[in-house]
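Number of protein chains: 2
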Amino acid sequence: MGDTKTEEILAPLRARVKEQGDLVRKLKTDGAPDLDVKKAVAELKTRKKILEDKELSLAPSYTFDRAKMEDLLKRRFFFDQSFAIYGGITGQFDFGPMGCAFKANLLHAWRQFFVLEEQMLEVDCSILTPEPVLKASGHVDRFADLMVKDVKTGECFRLDHLIKAHLEKIAADKKTTQETKDECQDIVVKLDGMTKDEMAAVMTKFSMKSPITGNELTEPIDFLRPETAQGIFVNFKRLLEFNQGKLPFAAAQIGNAFRNEISPRSGLIRVREFTMAEIEHFCDPSDKSHPKFEKIRHTELLLYSACNQMDGKPAEKTTIGVAVDKGLVANETLGYFMARIQQFLVKCGVDPLRLRFRQHMANEMAHYACDCWDAECLTSYGWIECVGCADRSAYDLTQHTQATGIRLAAEKKLTEPKVVDVVEATPNKGLLGKMFKKDAKTITDALSNLQISDVDLLEKKLNFEGSYDLILGEQTYNLNKEMVAVKRYQKTLHVEEITPSVIEPSFGVGRVMYAIFEHNFKQRDNDEQRTYLSLPAIVAPLKCSVLPLSSNPEFAPFIKQIFDDSSGSIGRRYARTDEIAIPYGITIDFDTLKEPNSVTLRERDSMGQVRIPLDDIATVVHNLSYSKQNWSDIESKYPKFEQQESKGV
Amino acid sequence: MGDTKTEEILAPLRARVKEQGDLVRKLKTDGAPDLDVKKAVAELKTRKKILEDKELSLAPSYTFDRAKMEDLLKRRFFFDQSFAIYGGITGQFDFGPMGCAFKANLLHAWRQFFVLEEQMLEVDCSILTPEPVLKASGHVDRFADLMVKDVKTGECFRLDHLIKAHLEKIAADKKTTQETKDECQDIVVKLDGMTKDEMAAVMTKFSMKSPITGNELTEPIDFLRPETAQGIFVNFKRLLEFNQGKLPFAAAQIGNAFRNEISPRSGLIRVREFTMAEIEHFCDPSDKSHPKFEKIRHTELLLYSACNQMDGKPAEKTTIGVAVDKGLVANETLGYFMARIQQFLVKCGVDPLRLRFRQHMANEMAHYACDCWDAECLTSYGWIECVGCADRSAYDLTQHTQATGIRLAAEKKLTEPKVVDVVEATPNKGLLGKMFKKDAKTITDALSNLQISDVDLLEKKLNFEGSYDLILGEQTYNLNKEMVAVKRYQKTLHVEEITPSVIEPSFGVGRVMYAIFEHNFKQRDNDEQRTYLSLPAIVAPLKCSVLPLSSNPEFAPFIKQIFDDSSGSIGRRYARTDEIAIPYGITIDFDTLKEPNSVTLRERDSMGQVRIPLDDIATVVHNLSYSKQNWSDIESKYPKFEQQESKGV
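Quick note, the sequences are listed as chains S and D, same order.
Going by the UniProt record's numbering, the first residue of the first sequence is number 1, and it counts up by one from there.
Going by the UniProt record's numbering, the first residue of the second sequence is number 1, and it counts up by one from there.
There could be a bad hint or two in this list.
Since the list gives no way to pick out one identical chain from another, each pair is judged satisfied if it fits inside one copy or across any two copies.
With a Cα cut of at most 20 angstroms, we get these calculated EDC-like pairs of lysine to aspartate or glutamate [stated by the list, open to error]:
hint : residue 1 : residue 2
1    : K292      : D564
2    : K461      : E482
3    : K237      : E70
4    : K149      : E219
5    : K39       : D311
6    : K317      : E465
7    : K412      : E496
8    : K181      : E168
9    : K628      : D565
10   : K560      : E117
Hints listed in this document are in silico derivations from the structure and should not be mistaken for laboratory results.
Generate the whole structure from the sequences, applying the supplied hints.
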């Protein structure tokens with residue numbers, strides 16, 4: 001995107017983004033009304049979109065035929081729409097044998113790369129989530145993730161989409177008054193931050209019905225867990241204990257989550273049910289350095305900073321070390337995970353030239369986050385968010401602490417002991433019990449929870465008036481010096497309590513899979529019909545095929561030997577193996593029958609072939625499949641096998 | 001359970017079971033009213049339970065302290081109640097790092113043992129399931145799996161349990177009339193087969209409220225998928241195609257399913273959300289032989305047949321070959337899977353002495369199944385069903401075919417071509433279109449769907465009366481000889497269409513895990529406090545620990561080398577490794593520092609120790625972990641290391 005002519009075309013679009021970006025900044029600095037800021041941001045987004053669309057249209061294009069790829073993926077049952085024989089459900093997909101194996105391999109690689117290499121604590125938590133948990137996490141009140149149902153057909157609609165469509169239709173109607181039009185536009189702008197009750201009120205006010213049947217709609221209803229993260233947060237105490245009370249540590253979870261997406265034609269991108277792989281790295285908020293940062297310091301990433309977005313500038317390539325040093329990426333731990341995310345994605349087949357990290361702008365970032373970068377992949381749908389990487393600060397643990405009264409905190413050793421003054425109201429439990437019977441415990445509890453200023457007051461009252469009125473609800477308890485004493489003393493602290501910060505890399509597994517599909521869908525030179533998937537061996541559903549040259553029974557014992565030696569990683573009976581991404585293929589031919597027995601091994605992407613002794617083949621395939629050797633090692637070690645490849649392969 | 005004295009005590013109880021079993025048989029033969037049969041079966045169940053409880057009380061007891069085991073499992077966070085900081089949810093559990101690793105290893109072993117070894121087609125289907133699918137599968141109408149919610153608190157109750165408790169309470173009330181008592185008892189007996197609407201009617205009739213708050217209850221509501229199997233059935237066509245149209249083949253799925261269990265105090269046994277691993281083996285209904293049956297023919301299983309259950313007799317040990325030959329187990333494929341299930345369970349840690357296969361009695365078997373055996377494990381909760389293994393015949397595919405109109409069938413090559421007579425009503429489409437306009441297609445479709453007898457009638461009418469009245473709904477179409485002709489001819493068929501039978505092994509993963517926990521919870525001789533889990537290495541969360549004798553920095557490079565060599569299967573920083581089931585432990589001591597470097601390796605169950613060269617250790621641990629060598633191989637190869645073990649380990 002850097003050449004002069006392209007930049008000439010983009011320059012005015014960049015300027016329009018910057019103009020609006022500056023306006024947003026100014027409105028914020030001036031403390032303008034919320035609605036004005038939101039409107040300006042909406043306009044900024046529109047201008048950014050125009051710029052991005054133009055950029056993409058001018059960029060060197062990838063020859064890619066989505067219909068052809070989808071045909072392959074469906075035909076070979078990588079995935080397809082769920083319940084197709086029942087008419088299909090939009091936004092839900094089933095993975096067939098090849099898709100399921102690809103997914104399992106991707107998740108296995110993820111476990112190796114993150115959980116095992118970084119010694120994370122993996123958990124597996126409930127999907128069914130009680131409402132109070134989602135309330136504390138902010139999902140019930142703040143997220144737009146509610147749905148309503150057609151009371152007769154049971155059809156579901158995502159409420160925010162429904163409101164938006166309904167109001168835009170009203171606003172577009174010529175008969176609508178200007179006043180109503182303005183109201184509609186205001187609501188659409190504010191929709192993002194609306195609570196469940198506010199949305200319900202809009203539904204009622206505009207008498208919204210099902211757009212399909214005209215039937216009544218139910219009240220907004222909540223749903224299953226919208227992310228797997230909460231399972232980790234509510235288990236924080238146990239995990240900290242498991243880690244022997246020490247920070248930092250990370251927990252990880254792979255699991256399904258649900259969202260009320262109703263939007264057709266986006267394949268695996270917008271789905272109602274999806275697998276997430278999430279990491280929550282808990283650390284000291286005052287020390288977000290990472291012990292392994294030096295190992296990845298020189299990794300180059302394409303960073304699209306919030307600032308560049310506001311200024312209409314393009315993404316820039318830089319090392320993560322420089323980005324953290326400059327303060328562009330908030331801290332080492334966040335930067336460390338960004339580099340690791342890139343390494344993982346590329347290893348599993350994402351094209352590094354179609355990968356960028358986009359920083360959330362202040363207006364799109366959750367209010368509690370201090371920094372957030374999305375790993376985005378360029379696909380035929382545009383840039384899509386595949387992995388989020390956010391510093392969520394102490395938000396989640398604080399919220400759950402407030403909701404439950406259970407302190408989700410860690411102890412941090414002080415560099416040197418600290419002496420503090422302690423003031424306590426000490427009850428005479430025996431006497432209180434005698435005097436106040438069953439209320440005694442309530443009184444004792446209340447005394448232990450008094451603020452320092454209240455204890456001061458209590459002391460004063462006892463000293464000057466001889467008694468103190470403790471008011472609890474509608475009850476007043478008159479306490480005297482015998483019932484309660486005030487103690488003052490000093491205590492030496494060796495630890496302090498801190499609420500850890502959370503750095504959260506969060507993978508949308510289906511989206512990562514989709515990006516890998518697109519980036520690896522290829523066709524042979526000179527033959528558009530010969531399409532194939534160049535998935536890296538590590539994630540390919542099957543590692544190797546075995547095809548005898550003919551059904552000659554003499555070949556059978558060799559097939560069996562190869563299978564027995566290689567325990568399961570080898571597929572047979574698969575025609576057109578390139579389409580199901582099998583990276584290596586063994587051919588058994590008449591030369592195989594001769595001593596010393598040998599077979600041909602073919603590599604999918606280069607279509608190169610070598611001749612390998614039968615006894616070596618299992619080890620070679622295993623080493624190739626798990627990146628212990630690469631194809632050029634094999635080509636240099638074994639004789640090349642020259643034969644024209646038939647078109648049917 | 002075979003000794004004479006025990007049998008003397010059990011004899012009268014066995015007789016009482018047999019007496020009732022015979023009565024049930026007689027009632028069925030006589031075609032007695034449904035309610036009478038159900039009542040007799042209920043009594044049979046009661047008597048069986050009395051017999052079983054007595055049997056268990058007389059059997060050699062396993063010293064097992066459930067409270068102590070649960071304490072260990074919670075303390076080391078294998079699992080614990082979900083959302084505990086929010087008060088906890090009954091019937092939902094979160095797996096912590098050790099439980100999650102155990103579960104992942106168990107599922108990995110399952111994939112190896114079933115999916116890879118048997119070349120099954122693994123799929124991964126949606127959890128959210130549309131109601132028509134559950135209606136066709138029989139879940140909506142027939143299963144008792146409905147819940148109601150307290151309208152104010154949102155608390156959920158399983159409807160059948162609620163009705164049962166409510167009616168039993170009414171029946172027990174002295175003020176209740178005999179008539180109402182009888183009615184209540186009848187409903188309780190019939191509850192199992194009631195539909196959603198019938199249950200709703202009972203709720204209304206007896207004005208049922210929440211037993212906890214007295215609040216109103218919602219209508220019965222449906223739930224998420226109750227089993228993973230349906231995802232496979234609805235994808236049958238794609239899977240058959242993937243398998244190039246050939247039978248038999250098996251599909252497999254690991255996934256979460258949901259049930260409205262509300263029953264406290266049963267740990268992982270009764271849960272609302274659980275992982276299932278299911279196999280659907282599709283085969284020709286007229287040929288259920290299995291090519292690998294000979295390999296497992298001599299496997300001995302403890303079989304508790306339906307007949308023995310009705311007769312009050314105990315379970316009997318027999319080889320699966322004999323059981324299939326005698327017709328006790330319906331067919332080879334079913335028998336093959338039963339043997340494989342046992343092999344798998346034992347490999348993963350189930351005690352073979354506490355494992356039996358119990359056949360469903362006619363009254364508990366789904367009406368469509370031809371045979372069904374549950375692998376049951378003996379635990380402190382009694383015998384619990386862990387794996388079901390059923391021949392579901394063609395039920396599921398037939399149901400979905402009826403519901404969707406899409407034939408879920410396979411083609412079977414006929415041994416010799418078959419000539420059949422074909423009779424067809426052939427429409428003159430052009431003329432029909434002219435005459436009946438938009439109704440023409442409906443008429444054409446109706447003609448092609450006519451039964452043979454209808455075509456005969458059509459031919460007769462056309463010949464003798466010159467026309468035929470085709471009645472479709474309220475419309476009558478008068479057709480003459482120009483509009484429709486009858487063709488008779490012969491056709492040679494090479495294939496016939498068959499609806500495959502389904503053999504379904506279905507694993508309740510949480511229950512299997514629980515049984516393995518119980519069967520492997522042990523305490524050291526002479527020391528009740530030293531409890532440990534003897535999980536087989538293949539499923540153990542961590543394979544090996546590394547503990548330096550002290551924090552001497554000279555040990556550090558050796559720890560690092562061992563880690564680097566063994567890529568992730570080794571845990572460090574874990575104290576009390578026996579409790580988290582780590583099978584092997586490496587100790588680095590001062591002798592390690594001397595050339596040639598060596599370490600001590602300890603085996604958890606025997607507590608035996610050997611001295612091994614540093615360079616060998618990674619390979620040895622790997623081989624032990626994946627059953628390539630066993631401990632006695634190691635003991636015979638390396639010198640024994642004698643040292644008293646400290647009590648703290």
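Checklist entry - In ascending order, which of the hints set out earlier in this document are inconsistent with the structure? => result 6
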